[in-house]
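Engineer: Construct the entire structure; sequences and hints are all you get.
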Amino acid sequence: MNSFGKSAEPPFAAEGGLDAPVRRAEDPYRVLDDLMATVEALCPAWPQRGQFPEGAKILM
Amino acid sequence: MAQGPLEVNGVPLSRLGKQIAEAAAALNAIGARFALIGGLALASHKVVRATQDVDLLVEAEKAGEIDAELERLGYRCLHRSADAANYGRGDERIDLLYASRPVARRLLAAAAASKTALGELRVVGAEGLIGFKLQGLVNDPRRTQDLEDIRALLRANRGTLDMGELREYFRLFDRESLLDELLREIR
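Those protein sequence lines, which keep their order, are chains S and P. Residue numbers for the first sequence follow our numbering, so the first one is 802 and each next one is one higher. Residue numbers for the second sequence follow our numbering, so the first one is 52 and each next one is one higher.
Hints were generated in silico from the structure; no laboratory data involved. Certain hints may be false.
For the chain S half of the interface with chain P, some residues (derived, Cβ under 8 angstroms), not all of them [as the list claims (entries may be wrong)]:
| id | residue |
| --- | --- |
| 1 | Asp828 |
| 2 | Pro829 |
| 3 | Arg831 |
| 4 | Val832 |
| 5 | Ala838 |
| 6 | Phe853 |
Simulated pairs of lysine-lysine, DSS-like, Cα-Cα distance not exceeding 30 angstroms [stated by the list, open to error]:
| id | chain 1 | residue 1 | chain 2 | residue 2 |
| --- | --- | --- | --- | --- |
| 7 | P | Lys166 | S | Lys858 |
| 8 | P | Lys69 | P | Lys166 |
| 9 | S | Lys858 | P | Lys113 |
Take a look, some chain P residues computed to stay more than 10 angstroms from chain S by CB distance [unchecked claim]:
| id | residue |
| --- | --- |
| 10 | Asn79 |
| 11 | Glu116 |
| 12 | Gly141 |
| 13 | Ala160 |
| 14 | Gly179 |
| 15 | Asp191 |
| 16 | Leu205 |
| 17 | Thr211 |
| 18 | Met214 |
| 19 | Ser228 |
| 20 | Leu230 |
| 21 | Leu233 |
Computed from a prediction, not measured in an experiment: that's the story for all the values here. The beta carbon of each residue, even a glycine, is placed where N, CA and C say it ideally should be.
Structural biologist: Right, here's the structure in full:
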């Protein structure tokens with residue numbers, strides 16, 4: 802049994818949300834650059850990068 | 052002097068973006084064929100993550116010309132062997148892998164070019180990129196980021212990867228069981 806009476810109002814969700822088109826990223830490097838601009842603004846300390854080890858197993 | 056784009060639609064590129072654009076323009080200007088590998092190349096294969104590493108696969112025959120060009124841009128050679136080289140400019144790095152073996156030569160020749168916000172870039176295919184990541188992991192098992200990248204690439208491209216080619220790279224490094232394990236994880 803449903804104890805709630807039927808509302809004359811349309812469901813809120815049907816009218817809710819924003820009418821905004823989904824932004825489709827055509828260029829992933831634009832997305833990467835946007836990300837890096839944000840990351841760089843935080844001035845991260847990046848880990849020290851090593852050099853290629855002598856005698857590395859380069860098979861590719 | 053070729054320097055590549057410095058901004059897109061009036062918005063300045065990130066520092067990394069400018070570095071890539073400058074290097075790409077310089078290599079294109081001397082006719083040196085190159086392709087992105089490493090963290091930057093992930094973006095072409097549905098995986099975008101922050102990175103500071105500029106890793107390039109380049110023609111081995113042009114190693115000398117590339118060295119001179121990078122020096123002209125202010126980079127210092129930190130290490131150079133027949134297989135690879137590391138260059139630094141302040142806290143910026145460019146790492147080169149020379150395409151001298153058949154697999155790398157084939158991957159460089161087949162690297163697709165695309166016009167991007169950072170200029171025209173060539174990027175190795177997803178299978179080859181996974182192969183290079185595996186090579187990095189095998190040479191330094193502490194590089195757990197390489198394993199995470201392999202996982203992410205497998206997950207994001209599982210419907211389109213050439214599994215025969217992929218298995219060939221894992222077999223090359225005697226890591227077929229790792230591939231099977233990873234494929235089970237993403238199933």
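Engineer: Give a verdict on every hint.
Structural biologist: Comparing the hints with the structure gives:
Proximity of S:Asp828 to chain P holds as hinted, the smallest CB-CB distance being about 5 angstroms (cut-off 8 angstroms). Annotation: S:Pro829 was flagged as interfacial toward chain P, and the flag holds, the nearest CB pair being 4 angstroms apart, inside 8 angstroms. At a threshold of 8 angstroms, the smallest CB-CB gap from S:Arg831 to chain P is about 4 angstroms, leaving the interface hint in force. The beta carbon of S:Val832 is positioned within 8 angstroms of a beta carbon in chain P (closest approach about 5 angstroms), and the interface hint is therefore held.
A least Cβ separation of about 4 angstroms between S:Ala838 and chain P falls short of the 8 angstroms threshold, and the interface hint therefore holds. At its closest, the beta carbon of S:Phe853 sits 4 angstroms from a beta carbon of chain P; the interface hint therefore holds under the 8 angstroms criterion. A hinted pair counts as satisfied when its Cα atoms are at most 30 angstroms apart, and P:Lys166 with S:Lys858 does not qualify at roughly 33 angstroms. Pair hint P:Lys69 plus P:Lys166 holds up; C-alpha atoms about 15 angstroms apart against a cutoff of 30 angstroms.
Taking the CA atoms of S:Lys858 and P:Lys113, the gap is about 22 angstroms. The hint holds against a cut of 30 angstroms. For P:Asn79, the condition that its CB be more than 10 angstroms from all CB atoms of chain S holds, with the nearest at approximately 16 angstroms. A cut-off of 10 angstroms between C-beta atoms confirms that P:Glu116 is not in contact with chain S; the least separation is 20 angstroms. Its beta-carbon lying about 12 angstroms from the closest one in chain S, P:Gly141 satisfies the requirement of being farther than 10 angstroms from that chain.
With a least beta-carbon separation of about 14 angstroms from chain S, P:Ala160 lies farther than 10 angstroms from that chain, consistent with its non-interface assignment. Its beta-carbon lying about 8 angstroms from the closest one in chain S, P:Gly179 breaks the requirement of being farther than 10 angstroms from that chain. P:Asp191, annotated as away from the interface, has a beta carbon of chain S within 10 angstroms; the closest lies near 7 angstroms. In this structure P:Leu205 is separated from chain S by more than 10 angstroms, as the shortest Cβ-Cβ distance comes to about 18 angstroms.
Distance check on P:Thr211: its Cβ is at least 15 angstroms (rounded) from any Cβ of chain S, clearing the 10 angstroms threshold; non-interface status holds. Against the 10 angstroms criterion, P:Met214 stays outside the reach of chain S, whose nearest CB is about 18 angstroms from its own CB. The claim that P:Ser228 is not at the interface with chain S holds, since no C-beta of that chain comes within 10 angstroms of its own (minimum 17 angstroms). Interface exclusion of P:Leu230 from chain S stands, the closest Cβ pair being 15 angstroms apart, more than 10 angstroms.
In this structure P:Leu233 is separated from chain S by more than 10 angstroms, as the shortest Cβ-Cβ distance comes to about 18 angstroms.
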